[in-house]
Amino acid sequence: MTCDEAEILLHALVDGELDAGHAREVEAHIATCPRCTAELAAISEMHQAIADADLRYTAPVALRRRIEAALPQAQAPSRRAVLRGFAMGSAVSAIAATGLVAIVLRNDDESRITSEIVSAHLRSLQAGHLTDVLSTDQHTVKPWFNGRLDVAPPVIDLTALGFTLIGGRLDYVDARPVGAIVYRRRLHVINLFVAQTANSETRAARTETFQGFNIRSWSEGGLNYWAVSDIAADELTEFSDKFQTAMKTSAG
Amino acid sequence: MPVNAANDDPEKARRFRDAALPHLDDVYTLARYLLRDASDAEDAVQECYLRALKHFDSYRGPAMKPWLLAILRNVCRAEYARRASSPTGAIEDVADKEEQTPLWSEAPETPETHILRQRDASTIRRLVSALAEPFRETFVLREIQNLSYREIADLADVPVGTVMSRLARARAMLRSAWMAEQEPPK
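In order, the protein sequence lines correspond to chains H and Y. Quick note on the numbering used here: the first sequence kicks off at 1 and runs consecutively. Quick note on the numbering used here: the second sequence kicks off at 1 and runs consecutively.
These aren't lab readings, by the way, just hints derived from the structure by calculation. Treat the hints with caution; some may be incorrect.
Straight-line Cα separation of at most 16 angstroms, EDC-like style, residue types lysine to aspartate or glutamate; simulated pairs [to be verified]: (1) H:Lys248 - H:Glu235; (2) Y:Lys12 - H:Glu116; (3) Y:Lys12 - H:Glu68; (4) H:Lys248 - H:Glu116; (5) H:Lys248 - H:Glu208; (6) Y:Lys54 - H:Glu27; (7) H:Lys242 - H:Glu220; (8) H:Lys242 - H:Asp132; (9) H:Lys248 - H:Asp234.
Bound conformation, chain Y alone:
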C-alpha cells in the first residue's frame, strides 16, 4: 500500500491518535532526558510520531508506550550520531570513568532520608540528566516511565541482567552525586 494512501486513512489516524497521543508527555520526557536539549527533544518527538504513524499498520505490540519509547530511542540515537560527527555538539560520554564509581557508598552516618527529601524536582532532574549513558536511559525508563525490567530489556535489546546492573549503577551514581551536593547543615 502506498504510504500516502495509508496515512490519509482518517479512521487509522483516529485510532493512532487515540492510542499514541496520550503518551506524548512520556515520549517528550524521555527525549528531554536522552537529548538534554528542549528544542532537539521537540524535533525528536515529532519525528518519532511520524515514524510511528507510518508503522502503525504493522504494529502488533508490545504495549503502545514501550513501542513509542523504542521508536523515540532510535530517533535519539540518530541524533547522537549527528552530534558526534559535529565538532561542537558531541555529547560527552563519561561511562568509562563512571564505571569506576563504587556500587557501595559509605555507610550513611546521618539518616539519608532527611537529606533526600530536601532535593526539589529541578535539582533531581539536573542530577538525573547528568548521569552517563546507558545508565541515564535505564534509570529514566524505570524510575520515571515505570517500565518493567522486561520491557526495558526488550526496548534496549539487552538481557534483563544487564538492565539490573545498569539500574543498580545508575542509582549508586545518582546517590553519590546527590550526597556530594549536600549543603552544609544549617
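The shape of chain H in the complex, shown without the other chains:
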C-alpha cells in the first residue's frame, strides 16, 4: 500500500469504518511509514478534540413549543390513552371513534408490545435515564437486578465482540417490570429488554421494524428477549447472534 492509497483510508480507520482486512493492510502500511503514522496521530487527535468539545446546538424552547403546538393533541397521552379513548367512545366524534376502532383492531398483543418496547427505548434515550446502574462490568450489573425483578436477566459482556456493555436499568413494558441491559455500538444505544414468560418454549430470533427502529426478539429458557436499536438490521442480528452464542457458552 502506498501513502496515496492509505491517505483516505486513515480516516476510515479512525472512524471505525474499515473491515478487518483493510484495517490490517492500513495498519501494516502505517507500521512502516513515519509520515502516515504522524498523519494518523493528527487525525485521531483532532477527531478526539472534536468529540470532546460540545459542538451541538440545543433547539430553543420556543421552537420546540411551536412544533409541538403544530401537532394535533400535542400533549403526550399515557400508554393507556388508546383504551381510555375507546371507553369514552361515545364522547368523541364519530370520525375519531372510527380511527380508534381501527387502531385497537390493528394493535394485536404482539404489535402493542413492540410499540411499548420502542417507546421504552425512546424514553431511555430522552430522559437522561439510560441506566440505573452504570458499569461495564457484568459482575456489577447482574447482581444489581437481584431483588428488583422476579428473574435474574443474563448480563453478558460483549465488549470484546464489538458491543460495549454500559449498564442496566429497570423498565416497564406491558405494565410489568422488565430488565433492560444497555449496550453501545459506536454511538448507538442498544437496549436489550428481558422479561419472564410462562411459556418455556424456544422461539428463534426474528427482526421487525417499527418507526425506524429495528427490534430483534427471541425466546429462550423461559425468558423473552427484545433487542432494540437504530443500528442496521444486520448489525442487530450480529448482536443477537453473539449474545445467544455467549449465553450457550456461559451455560456450559
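Please build the complex by placing chain Y on the supplied structure of chain H, with the hints as guidance.
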C-alpha cells in the same frame, strides 16, 4: 387520504412525537451549521417537522434520525436557492478555491495535541461553520451527528467513496484553519 384527516389522527401524532421529537436538537444542530443563521435554522427545522409529519405514514426507514436530517437538508437546499436569488443574502461558496487546499499539511513540528486541546467549543464551531460546502455538511454529519459513511452517502445521494474523500478534505481544511489560528506560545 386527505392530508388533514391524516394529520388530525392523534394516535399518529403521538407516534410521530415519540419518534421524531427526540431528534429535535440533532435536526436543529444540522440546520445551524448548514444555514449559519439561528433564525433561518428555526424556520427550516419547523418546516422539516411539518414535512416529516406529512410523510410519516409512508415512512419505512431508514432510521428516524437520518430520515429527518435528509428532509432538513432538502429544506435547507431550498433556502440556499432563495438566498442565491436574493442579491444580498447569497452564501459564498468557496469550494473551488478550497479544492486547492492540500490534503497533507506540513509535518507537525510541535505536538499538535496540545494545540488542539486548547480550542474551545465556540472556536471549533466557528471554524466548522466556515468550511465550504459540501465539506461542511459531510463533516457535521460524521463528526457531530455520528452518522455512518453509508448513512451519509444515502442522505446526500453520493457514493461512499465521495463521502470519504469529502471527509478527508474537510478535516484537512479544518486542520489548516485550526493551525492558522494558533496563538503565539506564551
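Evaluation of the provided hints:
A hinted pair counts as satisfied when its Cα atoms are at most 16 angstroms apart, and Lys248 of chain H with Glu235 of chain H does not qualify at roughly 20 angstroms. A distance of roughly 15 angstroms separates the Cα atoms of Lys12 of chain Y and Glu116 of chain H; the hinted pair therefore holds under the 16 angstroms criterion. Restraint check: the Cα-Cα separation between Lys12 of chain Y and Glu68 of chain H comes to about 13 angstroms, which is no more than 16 angstroms; the hinted pair holds. A hinted pair counts as satisfied when its Cα atoms are at most 16 angstroms apart, and Lys248 of chain H with Glu116 of chain H does not qualify at roughly 28 angstroms.
Proposed proximity of Lys248 of chain H and Glu208 of chain H is contradicted: the alpha carbons are some 24 angstroms apart, above 16 angstroms. With a C-alpha separation of about 48 angstroms, the suggested pairing of Lys54 of chain Y with Glu27 of chain H is violated against the 16 angstroms cut-off. The suggested pairing of Lys242 of chain H with Glu220 of chain H holds, with an alpha-carbon distance near 14 angstroms, which does not exceed 16 angstroms. Pair hint Lys242 of chain H plus Asp132 of chain H does not hold up; C-alpha atoms about 24 angstroms apart against a cutoff of 16 angstroms.
With a C-alpha separation of about 21 angstroms, the suggested pairing of Lys248 of chain H with Asp234 of chain H is violated against the 16 angstroms cut-off.
Hint check: violations occur at hints 1, 4, 5, 6, 8, 9; the rest are consistent with the structure.
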